[in-house]
Amino acid sequence: MADQRAKSVLLDIRNLRIEATVFPPGEPPKNIVLVHDVSLTLEKGKVLGLIGESGAGKSTIGLSSMGYGRGGVRITGGEVILNGRDILKGGKEGFRKLRGREVCYVAQSAAAAFNPAHRLMDQVVEATLLHGTATRAAAEKRAVALFKKLSLPNPESIGERFPHQVSGGQLQRVMTAMALCSEPDLIVFDEPTTALDVTTQIDVLAAIKDAIRDTHVAALYITHDLAVVAQVSDEIMVLRHGRLVEWGGTRQIIKEPRQEYTNALVSVHEIEHQEQKPGTTPFLSVKNITAAYGRSHIKVLKNVSVDIYPGQTLAVVGESGSGKSTLARAVTGLLPPEQGTVTFDGRPLANRLADRPKEDLRQLQMIYQMADVAMNPRQTVGTTIGRPLEFYFGLRGRQRDARVAELLDKIEMGKGFVDRYPAELSGGQKQRVCIARSLAAKPKLIICDEVTSALDPLVAHGILKLLLELQKEENVAYLFITHDLATVKSIADSIAVMYRGEVVRYGAKSQVLAPPFDDYTDLLLSSVPEMEIGWLEKAIKGRRMASAGN
Amino acid sequence: MLADGLIRAPMSHIVRLIVQRVSLGVLLLVAVSVLIFAGTQILPGDVAQAILGQSATPESLANLREQLGLNDPAFIRYFRWLGGVVTGDLGTAMSSGQDIATSIKGRLWNTLFLAFWAAVVAVPLAIILGLIAVRYRNGWVDKLISGLALASTSFPEFFIGYVLVYFFAVKYQIFPGISTVYDGMPFGERMQAIMLPAAALTLVVLAHMMRMTRAAILNVMQSAYVETAELKGLSAFAVIRRHAFPNAIAPIINVVMLNLAYLIVGVVVVEVIFVYPGMGQYLVDHVTKRDVPVVQAVGLIFAAVYISLNIIADIAAIVANPRLGHPK
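Note that the protein sequences, when read in sequence, are chains D and U. Okay, so the first sequence: first residue is 1 according to this note's numbering, each after it adds one. Okay, so the second sequence: first residue is 551 according to this note's numbering, each after it adds one.
A portion of the hints provided could be inaccurate.
[Stated by the list, open to error] Pair by pair, the computed Cβ-Cβ distance ranges are:
1. U:Phe787 with D:Gly94: 41 to 49 Å
2. U:Ala774 with D:Glu338: 34 to 42 Å
3. U:Ala774 with D:Asn154: 21 to 29 Å
4. U:Asn769 with D:Asn154: 31 to 39 Å
5. U:Phe717 with D:Val33: 54 to 62 Å
6. D:Leu334 with U:Ile592: 41 to 49 Å
7. D:Asn154 with U:Phe787: 48 to 56 Å
8. U:Phe787 with D:Arg403: 45 to 53 Å
9. U:Val565 with D:Ser167: 27 to 35 Å
10. D:Asp522 with U:Val565: 46 to 54 Å
11. U:Leu579 with D:Leu353: 34 to 42 Å
12. U:Pro796 with D:Asn154: 22 to 30 Å
[Said to hold, decoys possible] Beyond 10 Å from chain U on every Cβ pair, some chain D residues (computed):
13. Asp12
14. Ile13
15. Asn15
16. Gln399
17. Glu469
18. Asp484
19. Asp518
[Said to hold, decoys possible] Below, a list of computed lysine-lysine pairs in the DSSO-like style, where the Cα atoms sit at most 30 Å apart:
20. U:Lys693 with D:Lys30
21. D:Lys287 with D:Lys299
22. D:Lys358 with D:Lys410
23. U:Lys693 with D:Lys92
24. D:Lys489 with D:Lys541
25. D:Lys141 with D:Lys209
No lab work stands behind these hints, which were simulated from the structure alone. For every residue, glycine included, the Cβ atom is placed at its ideal position computed from N, Cα and C.
Next comes chain U alone, as it looks inside the complex (with noise of 0.2 Å):
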């Protein structure tokens, strides 16, 4: 019972500390719903007026806003929406009449599946390039990384973009330079369609990530722990890798969440460049026809996809302390 107790005590504690930031989250993205809401009221224009176009007689419009809602009070028409939302409705598009949720389930698995791969790329490449850079610190081998990396994300992705078309589209024609996908696409295409945003993504993300990666294990790397590993006779890499990473995670975690959600969230361009289906895409193509319903939604999931992520790099980064964990 006593052993039971033991091992139960320091798990409830971190139990109630996920549940704590966890439900922070939800209490966000509320706000964050609130001020959406607000922000699209706000904006000049007319939902009926939109629809029915500027010959629209005042009858007709008087019966449209009767018909959708818009006379009720803001509060109402909030919790109509947020209604909806809980439920899985995200409201019709104005400009196309189609049912929102079902056009972003598509746009939003690719979006997911480029910034997975781009992920899957990026995340360890700026891991092992920070550890190198930490290594040999000081030497031509850091400044040399460090350098290609900042170079990299100084030019705007659609350059990087460009450049990337022009050779490998243009040039080589080893990729496709527009990356069309569409349903029921073999993988394998599917891969080779997403390489160049993909690339373009990776080469975007990495430099910061890998520059954080180097920065927290310097950081680390002025303990005095650092130091009796390196006078136990442990080699430079094995100090790194050992003493000073573990220690380094939480604030990596924390760069390496802010990037993911960049992946997913920052995307417009990328995706405008090469033409891919995803929710970046989606986004402006609304906005430029103001279709109102459709920008609060994608701004919702934007927001979720935010919030989520970071919750995830609090959650490891209280999973990562040992002073968590193993309470005194």
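The following block holds chain D by itself, in its conformation from the complex (with noise of 0.2 Å):
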């Protein structure tokens, strides 16, 4: 039994150590451990999903099994045996001739990953002809059958296109074509999904499961997003800070969790709050907004219109392009509306942020989604939370110190971090600092921009629940944009729902969030992933058989 389960062993990590040079700034460069003797086996056309958050060193993991590492990060103990061998032995050659051949890398952003100046299928057949696995014209036919298999449009013809042309749904099927072209023994996925919008992924996501059972490749599926995991993988391994947490299977570890940072991760989702009643009067309203960039003709908002309540909360929801930023932007006066008005208080705003009063100003704040290219780095924190205390209130000296004190003592950060700059915060601290710099305006309304987004799933539950204390202590009401549908149930009285500039629903959560939907809000929930093992196919299906009804 033991022997044959040798035989069928692709990749055998064992003891694996890697470590990296950093150069903190004003201090000697030093070494730290990325990984630490983390062991793992694979069989072949199985898939094993490694999860963690960032800096769990699930993808340099995953990287090792090439050979490489970004950067200075280099692999100083343990042995990465694929195929019964050593790579770690074989040198920058050894590494050569495996890449692109034995093992096959789909990156996070297809987007970023095809070359722009080359058409898509002279970068889909490069490894195959680099190798001399197959001819150009056997390797083009195979990647067509790729394309087929993995539905993408136009199968014949889409590799004469440039990655330009092509959507980031199709360029990320596209790469797994790539991977797949060269028939290897294993494809390293490293969060191919978590870029693309929730309606998208699940068809990129149904594309991959296909294309992993037809091909018996076996995968190592890295990803952030458990629920997403759980669809493609025979087992799952939880990471935190290097080291491995828990290994099992994805039964077991979604349903049974044996560690409690495992549980942490599969019950991150859940945060109560109660849906408060709108109030009577409404005291901003977005009426009958219109709105396009430059003078160009397409409009990217059409006929908008929300109110928001005095301290609560109104999430807008849509993909990318929906058209959610722009109703910030039109709402802060960035981007002045062509038509419609905003109106505060029970009287219009002006509709440029430079005919605004300073007053008008401070009662809107802004939080963005990078919190760390919204600070100035040469800040320290003190100076970023003490700005708008002087520049609103003119508060200077003690009295400007001791409300700094009070703001980071709300965001639960304390005073010793005055003096620190953002490049010794993690993100979560960030967006924290950031939170604090727009509640020193005492503002009524905070635009929320994807404020979690960037953010580790732990990290941005603290963030919300933060956001939710707040809320109740200052009465400040938020217009939260998002496209994640299980922040907005988290956080949200009421909802907006837009599509291509449109709001196709709008309402208290509990009615936007019941039955009877829409054609597009139904489509968007049933495609948020669900943390059952299952769930892909039944929602695929689900999909099939409302299209087939039309």
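Both chains come to you apart, so use the hints to assemble them.
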């Protein structure tokens, strides 16, 4: 028995240790260990999910199976045995022979991973031709067959296109075809659907799963999303800070997690937030707004109307390009609308930001997706938070410092952070500082633009809880822009669903999320992965039946 | 019909962009001509005085001014001059009374000949050295190439020129130290004559192009698609040549064109050192003689060279960009 298993083992990583040299500013360079003593085995044709938060070392481990380290990353210990031989002993030449032949890689952002200067087909067959495993004609034929299998439109001619001529979801499938084209034994999928919209993700996920099953290729599937990995993997390995936390069958990990950390990951989505009934009068009303960028005839917002009530949260949800961020820009005056008005406390706000008085500016604050680029890297936390205090309230000296300390306390960070620079903060801490900065102005409304999208699930969870607490304390309203329906469920009082510049569904959370649904909301809701084995098949089947019914 | 339209649509887009660039270039050239003309007008001194000298009588000065049309308003004189330039008449040199266009023709050709051969060596050499530097980046090969290139740029042209003359003309006497060329000179002799100035020019422009090539490619080397290529098992050189270089081509062409322009308009010092009968020496001669019509004509030609090479760089970048050639 043991012998038989040994024969079917494709990849056997033993006591892997990976290090990197980092260059902290103002300090001598130092070595850090990214992966501590991790071992794993993968049988032929099986899928192992590697999951964890950023910095868990999952991509680093995945790439080690190709003998590759990003930047100054080095494998300093252990063995990586692929098809019975330790690839770490093969040297550079050995790596080149196995990359693109035995092991292929599918990157997170196919849009960036394809060379913009070459046609897709040339890139898809490149590895096959390089390793001489097939003639060009045979490789192209195989590529077209793979395009068909991955349900790409116009499989015969899509290879003639350049990357910019193909959508993101399609590119991700072309990239999967590229990995499968040289008939490797193992594919490393590195967050292949993370950059996609939910409604696109489900199709790509289904295509990847079918392709893996039909070609009997083994895969390491790297993601931070347990619900996604539960759909495709046979086994799941949970990693944290470069160490193994738990390794088991998919069912065991999501149903009976043995470790506390795994449990936290599994239950991360659950925040209880009782919907508040809207008050009598909204303090901010958006009425029939139509907007376009430049002199373009394409309207990014079409006749959009929403109301925001004091101390409540309006969640605006939609896919990329639906106009949700543009709505925020129209409300703040960054993009003056062509038609329609924004009224605040019963009077219209000036369309253009430059025409608004300071007091109006103070009342509307923003928090952004990328906290690190929203902060001046050369200003301390104290300066960052203190600036609006000086600007809006004229606070100086001790008064200002006291208020900064109070705000730091509110975001659960404490006075010790006053003199820190953004580079010394974690992603979650940076976002907290941005929250404190917006609160400093004592606004009536904070616009939150995808504020948790760039954060790990557990960190995002903490930020959402903080936002809800602050809402209670300060009676501040949120215009919460997101593509993530789970977040909407946990934080919203009312919801606006946007699609191609229009609000397709709008109302209290309980109404919007209850049937009967319109087609788009139904599609959106049914596309959110659930942490349940077999969800993907069910969802795809439901969709086919729906389209057959039409 | 439909296919026809599909093929034509992107082409016309590119053509429109190119026409736009060219017309902007012409506009710019007109603006430069105004500046050159205005500049020479502001300069103190008087053409009639310059021609007749200090001892001229007021009557003869007035007569000459009348003859030369110097009493007309400036804009009329400008358009008269511009009209001449457009029809190929660059005016008459004050110092020698010769037709400027005729004297410039041979000299411009000489300068272009020298610049061409310097470029033929310098451009491929710079790009290949840039590629090698990227391949062995941060290693000793990279540092050696960068160091030598930087050294050759840091030395002034006249220093490099004299060092070359000392070794190759004086000590070993392989090439002539004075690059006299004349009409009807056999090609081989001509090549031998320009060897040292061409070498000096190559050394001067090499580093800039090489370093920009290196920087442009290194910038692209950070891209995700370069990682994809590495993970396909491509060798380091294949990654650079096939995946990095095509995406770095626009900035590289830009710096190449800037240096080509320098080879043509910036050769003044080198031409003077090697006594090479080109545009640069011609310009220097007539600046010392305060021969305003010649300075105007040469200035305008240099501006035209600069602008047209930059337009070529722009057009090359447009053609090289698949997004413009193959719209969605």
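Structure-based check of all given hints:
1. About 18 Å separates the C-beta atoms of phenylalanine 787 of chain U and glycine 94 of chain D, a value inconsistent with the hinted range of 41 to 49 Å.
2. In this structure the hint that alanine 774 of chain U and glutamate 338 of chain D lie 34 to 42 Å apart at CB holds, the actual value being about 37 Å.
3. Judged by the Cβ atoms, the range 21 to 29 Å given for alanine 774 of chain U and asparagine 154 of chain D holds: they are separated by roughly 25 Å.
4. Checked against the hint of 31 to 39 Å, the pair asparagine 769 of chain U and asparagine 154 of chain D passes, with Cβ atoms roughly 34 Å apart.
5. For phenylalanine 717 of chain U and valine 33 of chain D, the Cβ-Cβ distance of about 56 Å falls inside the hinted range of 54 to 62 Å, so the restraint holds.
6. The beta-carbon spacing between leucine 334 of chain D and isoleucine 592 of chain U, approximately 47 Å, falls within the hinted interval of 41 to 49 Å.
7. Checked against the given bound of 48 to 56 Å, the beta carbons of asparagine 154 of chain D and phenylalanine 787 of chain U, roughly 35 Å apart, lie outside it.
8. Between phenylalanine 787 of chain U and arginine 403 of chain D the beta carbon distance is about 60 Å. The supplied range of 45 to 53 Å is therefore violated.
9. One distance hint, 27 to 35 Å for the beta-carbon pair valine 565 of chain U and serine 167 of chain D, holds here, with the actual separation near 28 Å.
10. The given range of 46 to 54 Å is respected by aspartate 522 of chain D and valine 565 of chain U, whose C-beta atoms sit roughly 47 Å from each other.
11. The hinted window of 34 to 42 Å between leucine 579 of chain U and leucine 353 of chain D holds, with their beta carbons roughly 41 Å apart.
12. As the Cβ distance of proline 796 of chain U to asparagine 154 of chain D is approximately 25 Å, the hint placing it in 22 to 30 Å holds.
13. Its beta-carbon lying about 21 Å from the closest one in chain U, aspartate 12 of chain D satisfies the requirement of being farther than 10 Å from that chain.
14. No Cβ of chain U approaches the Cβ of isoleucine 13 of chain D within 10 Å, the least distance being about 18 Å, so the stated non-interface status holds.
15. Non-interface call for asparagine 15 of chain D relative to chain U: holds, since the shortest CB-CB distance, roughly 24 Å, exceeds 10 Å.
16. In this structure glutamine 399 of chain D is separated from chain U by more than 10 Å, as the shortest Cβ-Cβ distance comes to about 46 Å.
17. Non-interface call for glutamate 469 of chain D relative to chain U: holds, since the shortest CB-CB distance, roughly 39 Å, exceeds 10 Å.
18. Even its closest Cβ contact with chain U, about 24 Å, leaves aspartate 484 of chain D beyond 10 Å, as expected for a residue assigned away from the interface.
19. The claim that aspartate 518 of chain D is not at the interface with chain U holds, since no C-beta of that chain comes within 10 Å of its own (minimum 29 Å).
20. Restraint check: the Cα-Cα separation between lysine 693 of chain U and lysine 30 of chain D comes to about 25 Å, which is no more than 30 Å; the hinted pair holds.
21. In summary, the hint linking lysine 287 of chain D to lysine 299 of chain D is supported, as the alpha carbons are separated by about 16 Å, within the 30 Å threshold.
22. For the hint linking lysine 358 of chain D to lysine 410 of chain D, the alpha-carbon distance of about 25 Å falls within 30 Å, and the restraint holds.
23. With a C-alpha separation of about 23 Å, the suggested pair lysine 693 of chain U and lysine 92 of chain D falls inside the 30 Å cut-off, and the hint holds.
24. For the hint pairing lysine 489 of chain D with lysine 541 of chain D, the CA-to-CA distance comes to about 25 Å; that is within 30 Å, so the pair holds.
25. Pair hint lysine 141 of chain D plus lysine 209 of chain D holds up; C-alpha atoms about 22 Å apart against a cutoff of 30 Å.
Of the numbered hints stated above, those contradicted by the structure are hints 1, 7 and 8, listed in ascending order.
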